[in-house]
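Asks: Given the structure of chain A, go ahead and fit chains B, C and D onto it with the hints provided.
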Amino acid sequence: MKKELLSPTNFNVLASKLSDVLVKALDAPLGYAINWGRVWSLWPVHLETACCSVEFGAASGPRYDVERFGIIEAFGSLRQCDLIVVQGTVTRKMAPRLRMVYDQMPEPKYVIAMGACAITGGLYIDSYNVLPGVDGIVPVDVYVPGCPPRPETLIQGTMLLQEKIKRSKIR
Amino acid sequence: MASHPQDFRFGGFVVSLIWLIFWILVIVALVGLPLIFIILFYVPLPEVDGEVLTPYLFLTSILYPQSAIPVIETLLDTTLFKVAVFPGFTYAALIAAATIFIERKFLAKMQLRVGPLYAGKIEGILQLLADGLKLLSKEIIIPSGSDKLIFWAAPIAFVATAAAVVALIPAAPGWVVADIDVGLLAVFAILGFFPLIALLFSWASNSKYPFIGGLRALHQLIAFEIPFILSALSVVILSGTLNLTEVVESQIQSYWFIFFLPISAFVFYISSLAELERIPFDLPEAEAEIVAGWLTETSGMIYGLLQLGSYIKTYALAALFVILFLGGWAGPQIFPAEIIPESTEAVIPVGELYEQTDANAVFWFTLKTFGVIMLMLLPRGISPRIRIDILLHTGWYKLIVLAFINMFVALALIYGGVLGPGGLLVR
Amino acid sequence: MTSIEEKFEESKRLGLQIVKESAEEDRLMTLSVGPQHPGSGHFRFVIKLDGDYIVYCDPDPGYVHRGEEKMCEYRNVIQNIPHLERPVIHDSANITYSYSLAVEELVGIEVPRRGQFIRAIASELNRQVYTLYWLAIYGIFLGHSTMFMWPTGDREVIIDLLEALTGARVTHAYNIPGGVRNDMPEGFRDRCLSQIRYLQKRFKEYEDIFYNNPLFRQRTEGVAVLSKEDAIKLGVTGSVVRASSVPFDVRKAEPYDIYNEIDFKVQYMKTGDCFARSYVPLLDMQESCYIIEQLLDKMPASGEVRAKLQPNPKGPPGESYRRVESGRGALGYYIVSDGTPKPYRVKISVGSFRNMLALPFLLVGQRLADMPAVYWSLNYWPVEADR
Amino acid sequence: MSANNKEELNKVAAGSQTKHSSSTSDDTAQQKQQQPPAPSTQPKQIPAKPSPPSATAAASAATTTTPPPPKPSLASPPAKTQPEPPPFEKGLVEQLKSKFGDMVKVVFIKPLRIKIQVEPQDIVGVASFLRDSMGFDHAESVAGTDYPKDNQIEVVYHLGSYSREELAAHILWLTARTNKDDARLPTLINIYKSVEYHERECYEMLGVYFEGHPRNERFLLPEDWADIPPLRKDFRIKGR
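Chains as they are written, first to last, in numbering that gives the first Met the number 0: chain A, 0 to 170; chain B, 0 to 426; chain C, 0 to 386; chain D, 0 to 239.
The shape of chain A in the complex, shown without the other chains (with noise of 0.2 Å):
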């Protein structure tokens, strides 16, 4: 009995109960933690597609300032940011690049659809010149609706986006 305590299978198994306890203990709060971390650091590139851009700048401003949330849009660089916000149509000669701008982007990344325009093309839906919404080129995550959207959807959009980091598993 004495041996078959001190199996090697045995053993084996203790290391694994060990590890597996050493994972649950640590991968729930750590990805917690982390995903805390993504949730409130959204930093968006500054990718302007068109006229939703005004109403965008106006959310960074004094009254609906988006710094609350932690999102500051002062970045310059796309490799430090996390989400892009295709703030409004998408033309034919855009296209290209915002797909190059979504594949430039480190992990994670997320993409919000602001406005009617990148929802589905909109107003301009049968416009020769723009495609009938953004989820063709890229992944969308949260779609904000409006012709421009407030900046009060904007925000409503972001913590919508928030929750869904939230319940994101972390890789």
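In short, the hints are calculated from the structure, not lab data.
Since this is a predicted model, take the numbers as computed values, not measurements.
Be aware that one or more of the hints could be misleading.
DSBU-like, lysine-lysine: derived pairs with alpha carbons at most 30 Å apart [what the hints assert, rightly or not]:
#, chain 1, residue 1, chain 2, residue 2
1, D, Lys104, D, Lys179
2, D, Lys232, D, Lys104
3, D, Lys104, D, Lys148
4, D, Lys192, C, Lys313
5, D, Lys96, C, Lys313
6, D, Lys96, D, Lys232
7, C, Lys227, D, Lys148
8, B, Lys108, C, Lys203
9, D, Lys237, D, Lys179
10, C, Lys341, D, Lys192
11, C, Lys203, C, Lys264
12, B, Lys397, A, Lys163
13, B, Lys207, A, Lys165
14, C, Lys200, C, Lys307
15, D, Lys192, D, Lys104
16, C, Lys269, B, Lys108
17, C, Lys307, C, Lys297
18, D, Lys179, C, Lys341
19, D, Lys148, C, Lys341
20, C, Lys307, C, Lys341
21, C, Lys313, C, Lys264
22, C, Lys203, C, Lys269
23, B, Lys104, A, Lys165
24, C, Lys269, B, Lys104
25, C, Lys269, C, Lys307
26, D, Lys237, C, Lys341
27, D, Lys98, C, Lys341
28, C, Lys269, C, Lys200
29, D, Lys192, C, Lys269
30, B, Lys120, B, Lys108
31, C, Lys264, C, Lys307
32, A, Lys16, A, Lys165
33, C, Lys313, D, Lys104
34, C, Lys313, D, Lys232
35, A, Lys163, B, Lys120
36, A, Lys168, B, Lys120
37, D, Lys179, C, Lys313
38, D, Lys98, D, Lys232
39, D, Lys98, D, Lys192
40, B, Lys104, C, Lys203
Replies: Showing chains B, C and D alone in chain A's frame:
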């Protein structure tokens, strides 16, 4: 195997922790402790204050904390503690973190906003933690065609260089990592590495905007190095030493040097803004012109490290300003002789580690440093970015001349017998 | 000071021939500024650098070209209003103003007097909204983040006014052929006056923190001078041409609606540099405050605000070209009608598109650091230029 | 500055008073608004819907060599139907007429707006005269219109003036028509620098090749655009 973060519950977390502690205790008791005792049997134990450091002492100090004091005091005297904790890295990093947070709130208030608010419930106090955690978990992109060795090494070198400057800064009498006789000279020697790192990094990025940013950094830092050194030189003339601790002591003997050398202090302030690439002089990172300057290709923790390094540098230069012009740790004695009256019989022996003068010095030094840091943050809210030709012109022509003017003033003070050994104003 | 022809030749030579020969090309560094660049917006220009100097600049607009002019041909004149104001949503009252004027001329609508006043008030308020946003971006382009935040915040004040007036935050669709969509709300006059007073107070603070800042002065004064002759030749408009000592303002030159009853000065400056181009909009805003006060004073107390319209308004075949002074200069609509409710051809002549011509002309020979200062001083809104 | 402005103000205000006083009285305005376009339609031929009752467009489309017959009908109807052709505008037209004679067809004269039409080969001469002698120093826009009924494309240069104060309110429409199948016009870039981008846009949107323009290239549309120019009438947008 790994549980989903979605199911994260505090109860489960505690249970798993207790399990973990249980297993650790079992293993330590069964394996660790016997092993330690076997080793200790053969190894000669260190002696502190005539008392042999045995494992029993540690166990005793749980019940009688006073007995651990000599050990802690020895620990405080080691270089490792100084490098890692108090005047060294941890202290500087804490001040840097506080600086970033204060900068964001201060700037927001100046712009009629509130700044970070929700991360960490109370006024967004954990905003920096969130940013740090996110940057830690971010992917790091190495541009194709880049010089990988330099690209990886540069951020570490940047932080290390910034920390090396911090090592030379005395925070209180005796509290300095490297108390060398050419302290001031060494500070400038180390500061000279920063443009090199910026240029190397920008070249290694294999991209156009970083390259322009790196060249700008080189131009700017070289243009401001000379007025920077010249403005500190007049302090050296007045104090007669290059040792930073002695510089402070000579100010304690007379008056703060900012009263004699206001122009030098101004030149030093402007030059340190330029050294730090802060806003009127943030040409190497000018967003609207060259995307993010030499930081364009940085991502994830590389960016985080560079930011940390630059804010540690901010602390170092602010502390240098305090030491050179604001009398260092000099200040009225406001701390009482004993922090807890009759603490000799108290269970927690803070009183014996507490030294009146040191606490006072650290307090005043930190306070003044924060004051100078606030002064360095201020231009970001009220000033646009300067252009490179104006900047170079300012550095090479105006500031050097100003620094020379005050150097002559310093010389006149020395030879006029006002300051210096046996001077009029020397107490 | 080289003349305009020489500069054009120089840029052409540098741009077109050297690239082919590539003899000196190694010297030059080509930078693509935009569309993802903090200093460009929805726009790209390719510049070539010789050291720190820009020797060649080629604008590449069209990233927001949405085919407005083609879309107009498929909708009737009223349906056209919502999408026509999208090119410049923060100046939407002005961009529909000249459209309304042109349609009224074609269809033959008489606007009631009160409607004319309210229309002018809406467009003047919207000019403030536009110019404050422009000023905010100019601030952040020069690295002055406080100057971004202050006008952005003060802009909300006027946006609140316009929201009370029109019901929408930025896209008002308020100025329509025949007048305005609805009457003023109760107590609008007092509220408007108090906000205007507040804004006038803030303009002084802007001058203190931004325009009188020595660093700002150093960066903009004497930079990228556009002389009067060159400005006329290039056909630039709005604050750009007024900064080059051409006192041209459509409100004064060709007064539409009730602007001939309003007493105001055309603000212009004589230096033609970046500073003048950035200062004239502020003067315009101040003048606009006086105009609003006068409009509120002279407005008839009651009356119709909108002429009766047919459900599908159409006029006889004809053409019209009407323009107004928008935030970016003269904004004209050339509408050809063939007698059907849908316009046969609509051409939007916008100030941004005209001012873009000055960009390569002014940028060639400047330093790289002046690029955002020169670019945004042209009062250029890329979405409007692309249409 | 202010005195100068005041003077200008008075002048302009006086000039525009007439215009606006006419629009205040309802009945006359209605009449005027409705009547002038009617004559102008005949010569102009803009509307594609009412098929060519116009001799001019048909003639110009066919041969482009016989302007005289329709010309009197062009000049006279505005004079007849418009009770008071604005004297200043008329003076401008007279000046043009005296210089170029029949080369310049006057399509209509409205207050502050004059539309003239020239043959493509004459446009450079007329434009340089307009700039040098009459003070129209810049182009506000260049608009092209497609008339598939006539198989023609009309290019309109909206010319304005900064340097002559009395012309500040005026826009002169200089138009030329070109065959749609091989749409070519001489460029005006050597006379008006300001048309550079407008002509590029016109080339792109309507396919009018401007001879002598250095850059007849892609401008607003995407680089891979492979369709016909979008503002031509035979280009249909999707779903319509």
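Asks: Give a verdict on every hint.
Replies: Quick rundown of the hints versus the structure:
For the proposed pair Lys104/D and Lys179/D, the alpha carbon gap of about 21 Å is at most 30 Å, so the pair holds. Only pairs whose Cα atoms come within 30 Å are accepted, and Lys232/D paired with Lys104/D is accepted, the gap being roughly 26 Å. A C-alpha spacing of about 21 Å is found between Lys104/D and Lys148/D, which places the hinted pair at or below 30 Å, so the restraint holds. A threshold of 30 Å between alpha carbons decides the hint, and for Lys192/D with Lys313/C the separation of about 37 Å lies outside it, so the pair is violated.
Restraint check for Lys96/D and Lys313/C: the C-alpha separation of about 34 Å exceeds 30 Å, so the hint is violated. At most 30 Å may separate the alpha-carbon atoms for a hinted pair to count; Lys96/D and Lys232/D exceed this at roughly 34 Å. A C-alpha spacing of about 44 Å is found between Lys227/C and Lys148/D, which places the hinted pair above 30 Å, so the restraint is violated. Of the pairs offered as hints, the one joining Lys108/B and Lys203/C holds, with about 20 Å between alpha carbons and a cut-off of 30 Å not exceeded.
Straight-line distance between C-alpha atoms of Lys237/D and Lys179/D comes to about 23 Å, which keeps the hinted pair within the 30 Å bound. Our distance criterion of 30 Å between C-alpha atoms is broken by Lys341/C and Lys192/D, whose separation comes to about 34 Å. For the hint linking Lys203/C to Lys264/C, the alpha-carbon distance of about 19 Å falls within 30 Å, and the restraint holds. With a C-alpha separation of about 55 Å, the suggested pairing of Lys397/B with Lys163/A is violated against the 30 Å cut-off.
A C-alpha spacing of about 37 Å is found between Lys207/B and Lys165/A, which places the hinted pair above 30 Å, so the restraint is violated. At roughly 41 Å between alpha-carbon atoms, Lys200/C and Lys307/C are farther apart than 30 Å, so this suggested pair is violated. The straight-line distance between the Cα atoms of Lys192/D and Lys104/D is roughly 25 Å, inside the 30 Å bound, and the hint therefore holds. Proximity of Lys269/C to Lys108/B is assessed by CA-CA distance (about 38 Å); at most 30 Å being required, the pair is judged violated.
Pair hint Lys307/C plus Lys297/C holds up; C-alpha atoms about 24 Å apart against a cutoff of 30 Å. With a C-alpha separation of about 23 Å, the suggested pair Lys179/D and Lys341/C falls inside the 30 Å cut-off, and the hint holds. A hinted pair counts as satisfied when its Cα atoms are at most 30 Å apart, and Lys148/D with Lys341/C qualifies at roughly 18 Å. Proposed proximity of Lys307/C and Lys341/C is supported: the alpha carbons are some 19 Å apart, at most 30 Å.
About 37 Å separates the Cα atoms of Lys313/C and Lys264/C, which puts this hinted pair outside 30 Å; it is violated. The straight-line distance between the Cα atoms of Lys203/C and Lys269/C is roughly 22 Å, inside the 30 Å bound, and the hint therefore holds. Among the hinted pairs, Lys104/B with Lys165/A is consistent with the structure: their alpha-carbon atoms are about 26 Å apart, no more than 30 Å. As the CA atoms of Lys269/C and Lys104/B are separated by approximately 42 Å, the hinted pair breaks the 30 Å bound.
Proximity of Lys269/C to Lys307/C is assessed by CA-CA distance (about 46 Å); at most 30 Å being required, the pair is judged violated. Annotation: proposed proximity of Lys237/D to Lys341/C holds, straight-line Cα distance about 17 Å (limit 30 Å). For the suggested pair Lys98/D and Lys341/C, the alpha carbons sit about 39 Å apart, so the restraint of at most 30 Å is broken. At roughly 26 Å between alpha-carbon atoms, Lys269/C and Lys200/C fall within 30 Å of each other, so this suggested pair holds.
As the CA atoms of Lys192/D and Lys269/C are separated by approximately 22 Å, the hinted pair is consistent with the 30 Å bound. Pair hint Lys120/B plus Lys108/B holds up; C-alpha atoms about 18 Å apart against a cutoff of 30 Å. This hinted pair does not check out: Lys264/C and Lys307/C have alpha carbons roughly 34 Å apart, beyond 30 Å. Taking the CA atoms of Lys16/A and Lys165/A, the gap is near 28 Å; set against the 30 Å cutoff, the hint holds.
Straight-line distance between C-alpha atoms of Lys313/C and Lys104/D comes to about 28 Å, which keeps the hinted pair within the 30 Å bound. Using a Cα cut-off of 30 Å, the hinted pair Lys313/C and Lys232/D holds, with the two alpha carbons roughly 20 Å apart. Between Lys163/A and Lys120/B the CA atoms are separated by roughly 20 Å; this keeps the pair inside 30 Å, and the hint holds. Restraint check: the Cα-Cα separation between Lys168/A and Lys120/B comes to about 24 Å, which is no more than 30 Å; the hinted pair holds.
For the proposed pair Lys179/D and Lys313/C, the alpha carbon gap of about 28 Å is at most 30 Å, so the pair holds. For the given pair, Lys98/D sits about 36 Å from Lys232/D by alpha-carbon distance, which is inconsistent with the 30 Å threshold. This hinted pair checks out: Lys98/D and Lys192/D have alpha carbons roughly 24 Å apart, not beyond 30 Å. At roughly 26 Å between alpha-carbon atoms, Lys104/B and Lys203/C fall within 30 Å of each other, so this suggested pair holds.
In terms of the numbered hints stated before, the structure departs from hints 4, 5, 6, 7, 10, 12, 13, 14, 16, 21, 24, 25, 27, 31 and 38, listed from lowest to highest.
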